[in-house]
Amino acid sequence: MYLQHQLCFEVYKAANQFTKLYTKTLQPFGLTYPQYIVLLALYEEDSQTTSSLCKRLSLGIGTLHPILQKLTEKGWLVKSPSATDRRAAHFTLSDQAKQAKPNIEQAIYDKLACSDYLATEGFALKEQIKQLNQFLHNMNQEETR
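Read the sequence shown against this note's numbering and you will find it ends at 145, with the numbers running on by one and no gaps.
No wet-lab data here; the hints were simulated from the structure.
One or more of the hints may lead you astray.
[Unchecked claim] Derived CB-CB ranges, DEER-like:
1) LYS130 - ALA83: 32 to 42 Å
2) GLN6 - ALA88: 16 to 26 Å
3) ASP85 - HIS5: 15 to 25 Å
4) GLN141 - CYS8: 10 to 20 Å
5) ILE108 - GLY75: 19 to 29 Å
Using N, Cα and C, we set each Cβ at its ideal position, and we do this for glycine too.
Using the sequences provided together with the hints, build the complete structure.
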């Protein structure tokens, strides 16, 4: 099998291109793309535990923990112990994160709005990728049984 015939390789390249695009756009805010994804999850639902963020973002604790630590150190998140589980911590958005949200959204919009491709093809492509992810998730679940 040749590399150029592999769907996985095209998805991998697309993910890398998104990371590069977002990295440049987020640089003025001092954020990385993975940090932005964590903020997005918290913008949708603030005050989440590490485990709920792992599940929501499909990330392992070893990947997520350093991101949360860095966002906390930079003042984007506030970490507090759980009232019900002493091993768990809750992460909430700081005032800095809440105030920066409109500016971050505008920067992302400005970067992506210049592309007719995403405006015309983006929704259908996102739906296809969601279906692909669900298919792959189901295949992976079958393998663990």
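With respect to the beta-carbon atoms only, verify the hint that ASP85 and HIS5 lie 15 to 25 Å apart. Because 48 Å falls outside the window, the suggested range is violated.
Would you say the C-beta atoms of ILE108 and GLY75 sit inside 19 to 29 Å of each other? Since the Cβ atoms of ILE108 and GLY75 sit about 21 Å apart, the hinted range of 19 to 29 Å holds.
The hint says 16 to 26 Å between GLN6 and ALA88; measuring C-beta to C-beta, is that right? Since the Cβ atoms of GLN6 and ALA88 sit about 40 Å apart, the hinted range of 16 to 26 Å is violated.
Assuming the hint says 32 to 42 Å, is it satisfied by the Cβ distance from LYS130 to ALA83 or not? holds (35 Å)
Cβ-Cβ distance between GLN141 and CYS8: within 10 to 20 Å? holds (18 Å)
When held up to the earlier numbered hints, the structure conflicts with 2, 3 and fits the remainder.
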